[in-house]
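Same order as they appear, the protein sequences are chains A and B.
The numbering used here puts the first residue of the first sequence at 31, with every later residue one more than the last.
The numbering used here puts the first residue of the second sequence at 1278, with every later residue one more than the last.
Simulated from the structure, these hints should not be mistaken for laboratory data.
Computed from a prediction, not measured in an experiment: that's the story for all the values here.
Here a beta-carbon is modelled for each residue, glycine too, at the ideal position from N, C-alpha and C.
Please note: incorrect hints may appear among the correct ones.
Unchecked claim - Okay, derived cross-link-like pairs now, BS3-like style, lysine-lysine, Cα gap no bigger than 30 Å in a straight line:
| id | chain 1 | residue 1 | chain 2 | residue 2 |
| --- | --- | --- | --- | --- |
| 1 | A | Lys580 | B | Lys1303 |
| 2 | A | Lys490 | B | Lys1303 |
| 3 | A | Lys476 | A | Lys450 |
| 4 | B | Lys1466 | A | Lys476 |
| 5 | B | Lys1360 | A | Lys565 |
| 6 | B | Lys1303 | A | Lys579 |
| 7 | A | Lys81 | A | Lys149 |
| 8 | B | Lys1280 | A | Lys476 |
| 9 | B | Lys1344 | A | Lys440 |
| 10 | A | Lys565 | B | Lys1289 |
| 11 | A | Lys491 | B | Lys1303 |
| 12 | A | Lys491 | B | Lys1382 |
| 13 | A | Lys450 | B | Lys1360 |
| 14 | A | Lys495 | B | Lys1303 |
| 15 | B | Lys1360 | A | Lys554 |
| 16 | B | Lys1344 | A | Lys476 |
| 17 | B | Lys1382 | A | Lys450 |
| 18 | A | Lys313 | A | Lys450 |
| 19 | A | Lys383 | B | Lys1344 |
| 20 | A | Lys229 | A | Lys279 |
| 21 | A | Lys476 | B | Lys1360 |
| 22 | B | Lys1382 | A | Lys580 |
| 23 | A | Lys495 | B | Lys1385 |
| 24 | B | Lys1289 | A | Lys491 |
| 25 | A | Lys450 | B | Lys1303 |
| 26 | A | Lys476 | B | Lys1303 |
| 27 | A | Lys450 | B | Lys1385 |
| 28 | B | Lys1382 | A | Lys490 |
| 29 | B | Lys1344 | A | Lys579 |
| 30 | B | Lys1289 | A | Lys476 |
| 31 | B | Lys1344 | A | Lys580 |
| 32 | B | Lys1344 | A | Lys565 |
| 33 | A | Lys495 | B | Lys1280 |
| 34 | B | Lys1344 | A | Lys490 |
| 35 | A | Lys450 | A | Lys554 |
| 36 | A | Lys476 | B | Lys1382 |
| 37 | B | Lys1382 | A | Lys495 |
To be verified - Under 10 Å between C-beta atoms, here's a sample of chain A residues computed to sit facing chain B:
| id | residue |
| --- | --- |
| 38 | Asp454 |
| 39 | Arg455 |
| 40 | Val459 |
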Amino acid sequence: MDNALDACEEAQVLPDIYISIKKTGPEMFRIIVEDNGPGIVPKQVPFVYGKLLYGSRFHQIRQTRGQQGIGISAAVLYAQLTSGIPTVVISRTGAKEPAHQFEIQIKIETNEPDVISDKVVEWDRIHGTRVQIEFKSTMSAKKKLLEYLKYTSVVNPHARFRVELDDESFTFERVSQEVIACPVAIQPHPHGIEFGQLKRMAAASDEKLLDFLVNGFSRVGKKTAQEMCDKAGLKATVKVNGLPAEELKNLLAAMQSVAVPAPPTTQCLSPIGEDLIRRGLDKEFQMDFVSARTRPSSVYSGHPFVVEAAIGYGGRLEPEGNAIILRFANRVPLMYQQGACAVTECVSNVNWKAYNISQQGLPLGPVLLLVHVASTNVPFTSESKDAIASIPEIEKEIVLALQDLGRELKTFLSRRDRNKLAEDRARAVCAVIPEIAAKVSEIVEKPLVDTTPIEGRLMKKLIAKKWTTDGNVTIEVNNYTSSDVEISVYDISADNAAGADMPPAFSTEMDGQFTKVWKMAIPKHTVWRVTYPGKGGGMLDIRGIEDNKKMVVDLDV
Amino acid sequence: MSKEELDARAMKALMGIASAWYDQMKGGEIPSISLPTRTKYNIEYDDASEVWKYGDKESLRTAATAKTATHLLKMAYVIGFVKTQLRENRSSTLREMYYISEGWKRAKFGAQDESNFLVEDLEIISDVPREGFHLRPEENGASVYGPMRIREPTRRGPKLIHCQDDVGEAGYSIPNNVENLELVDHDAKFLIAMETGGMYDRLIENGFDEEYNAILLHLKGQPARSSRRLLNRISQTWNLPILVFTDGDPWSYRIYASVAYGAIKSAHMSELLATPKAQFLGLQPSDIRDYNLPSDKLSDKDVEALNAELTDPRFATEYWKKQINLQLELGLKSEQQAFAARGLDFVTKKYLPARLTEMGVI
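Chain A with its partners taken away, still in its complex shape (with noise of 0.2 Å):
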């Protein structure tokens, strides 16, 4: 899948990808996967998928999912050593070429493919790669599974994934209809750089030593590179191709040691952007907040990276227990090993009781945190990809982004809290005082006390109220503002308010709802009021005067 993803990156276009997972027989699996991306030419298909550490993007310096050329061919040859099945591989370059299928295996003394059948057939995708897989497994992380699909939607928000398991199925469909730039690679950066990938390169070059490091590393002027070449006491002009792996050496050393500064980050990174960020999580979680922010880009070791989070509160988030935390690196899910992960840590590390959100280590509550790492080379604990490492550079910009949402999420959650607080004190002085009134006047047996004037003194707006007695509905709507005000009320139910005392100026049905809208001119310190028969209920609004200076309540609730 990451694989396809990065396939659609590089081709610009929009990723419509298709998983299928099916059981065959006890502990077997046969899993599809299927891209709508530039598809690869035959020739190269079977080293792609039938040898280990072919890796197309090995030595290219910018952001991609995978890296090394190991995920899909070592899965060829997990299928090949428990089910013995060869792996299908269809695909397309275009519309005028034809769709090529092969069976794959690996031999495995030489680690070269095993071409089994190589033959033109008939398809319906115009470019595209569909691989076919079978292997020994288990349904147990399908929860997981699903968690890993859903997330990665969340990050790729330009992808369509259809999903079939077993005999269910699934659809993760795209918010964006923007193909994401892909990013473009840069030459490697002197800080940055490891012994055998520049003897690779030196091995690899016809060029003088000041030539080779001006052209082949980023930053790297003519001033630079004879201070490198002075420092690791070479001459400017020896041949590189020539040189012994000792005096390689010294001048890693040395580029290493001279200043150079930051390599480019723009073209090489691909963030997602705020916009996106924010649209994937509401796609996925239906959340009451959610702010994203992305960082400017930054540099650890000579490697560009860029920080984005983002952070959700509210709505079908889990109320109780700990945050959930969504970790990325080059938008691929970490799925496992959360504990031991840079980004975890840099969360517990942040005071989140500052903004008003319980802790304990991590904080708590119904509050999911997104964490995304971008780099040409994201540092993570070990090769299976789990954790990202504790870089300090790259800790200090996960903190800041986080504290800064913070930040944003404690003003939404005071401004929500004093209007809950607002709507409290309205509910108590509409609905509760009045029968307070009523139960206090019947013990003292004197006449109904009318609580008007503490509503108008309280609350100093105009106050709609609507409540039910004996099948008859009234509606009520006090100016306690100090102007005149012209306005509409709205009212939406299952009554028709047929035989109300004052006709609704228009009145319309839709699935047995009727909306109802009165316009009316109340003066200051007056009262309209209406009264139809029926059964109450529905939602009741103002219309014409501002949020702020209005207050519906339904005092049957």
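Fit chain B to the given chain A structure using the hints.
The following block gives chain B in isolation, referenced to the frame of chain A:
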């Protein structure tokens, strides 16, 4: 106070609350009520009456939020309910009132606790015990056995009862409302209130009441209000020594404290419910040592509770400091029935006579 007087006082107090709210609302004010803060930080020792009472920290409850407004609404409904009960001369249990509130719509109680708490609030505000509202507690009172006569008004007319001659072996059951109980006369030297039924039965079976002219009272664990009120009245009316005999662990010492000094939950009623003259008989930590009683190790919670008692003003006497520190040193606790290890007669023949002599009671 007679029943009629109490009823009249209750009615007047409740109507006073309702009238105050009526006047507040008539004047365009949000109804409110002020109550003492009901936490242990607002409990003070009253030198004159020698009991613990609420201090003068008050909190004002104003119906300005949905929560407090609903609380006041519930209070209004309870007042209305009690008014009807008083007028019709009926009574109900707290639990019955909780079920009756089902029909009160918005004023309905969420849980039994809520109605109990609200009734306590009303007791505090009106200075009338709940018996005056014709509200009965759920659990029945404990029992008493000994040379005393009481007159109980029953639905079949007043009954004169001798608490040895006219009752079975289980004793006289203390009614929920002891206000109307008349303490006629007695032939007792002292009263022992016991935590466990086992010890109560042991003393009756061994004839301890006859031999020493003792009134025996079974507290049934944490004592009910009616038991505490009866102890208070016996102490005041007959001026008899009151002795409390419990297990030898920190939780049982608190039973003694609630009899002698009152509980936080009912600090507003301390003058009626506490018996400051009550003395602690045992089981003392020194008894565990002196009689080498079978014992259990103190748990961490026990140790915690003992340490809390060391800082509790109610236990701030030389006697308690010595006993509690001794217990912490021993690291042991014993039940009062552990005396059985020395024979069934040991407690009545040896321990109690010795201890009562030491206390100067016999």
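>> Check whether the Cα positions of B/Lys1344 and A/Lys580 lie no farther apart than 30 Å.
In response: holds (22 Å)
> Does the structure keep A/Lys495 and B/Lys1385 at a Cα separation of 30 Å or less?
Replying inline: holds (23 Å)
> Would the pair A/Lys495 and B/Lys1280 pass a check requiring their Cα atoms to be no farther apart than 30 Å?
Replying inline: Between A/Lys495 and B/Lys1280 the Cα gap is close to 47 Å, so the pair fails against 30 Å, i.e. violated.
>> Need the status of pair A/Lys490, B/Lys1303: alpha-carbon distance at most 30 Å?
In response: With a Cα-Cα distance of about 19 Å, the restraint between A/Lys490 and B/Lys1303 holds, given a limit of 30 Å.
>> Check the hint pairing A/Lys491 with B/Lys1303 against an upper bound of 30 Å on the C-alpha distance.
In response: holds (21 Å)
>> Hinted pair, alpha-carbon criterion (30 Å max): A/Lys495, B/Lys1303. Please report holds or violated.
In response: Holds: A/Lys495 and B/Lys1303 sit about 21 Å apart, inside 30 Å.
>> Min Cβ distance, A/Asp454 to chain B: is it shorter than 10 Å?
In response: holds (5 Å)
> Does A/Lys383 pair with B/Lys1344 here, judged by a C-alpha cut-off of 30 Å?
Replying inline: Holds. A/Lys383 to B/Lys1344 sits at ~26 Å (cutoff 30 Å).
> Does the structure keep B/Lys1303 and A/Lys579 at a Cα separation of 30 Å or less?
Replying inline: holds (26 Å)
> Are the Cα positions of B/Lys1344 and A/Lys476 separated by 30 Å at most?
Replying inline: Within the cut-off at roughly 26 Å; holds.
> Would the pair B/Lys1360 and A/Lys565 pass a check requiring their Cα atoms to be no farther apart than 30 Å?
Replying inline: Violated, at roughly 34 Å.
> Are the Cα atoms of A/Lys580 and B/Lys1303 separated by 30 Å or less?
Replying inline: Holds, because 25 Å separates the two Cα atoms, which is no more than 30 Å.
Against the hints set out earlier in the document, violations occur for numbers 3, 4, 5, 10, 13, 15, 24 and 33.
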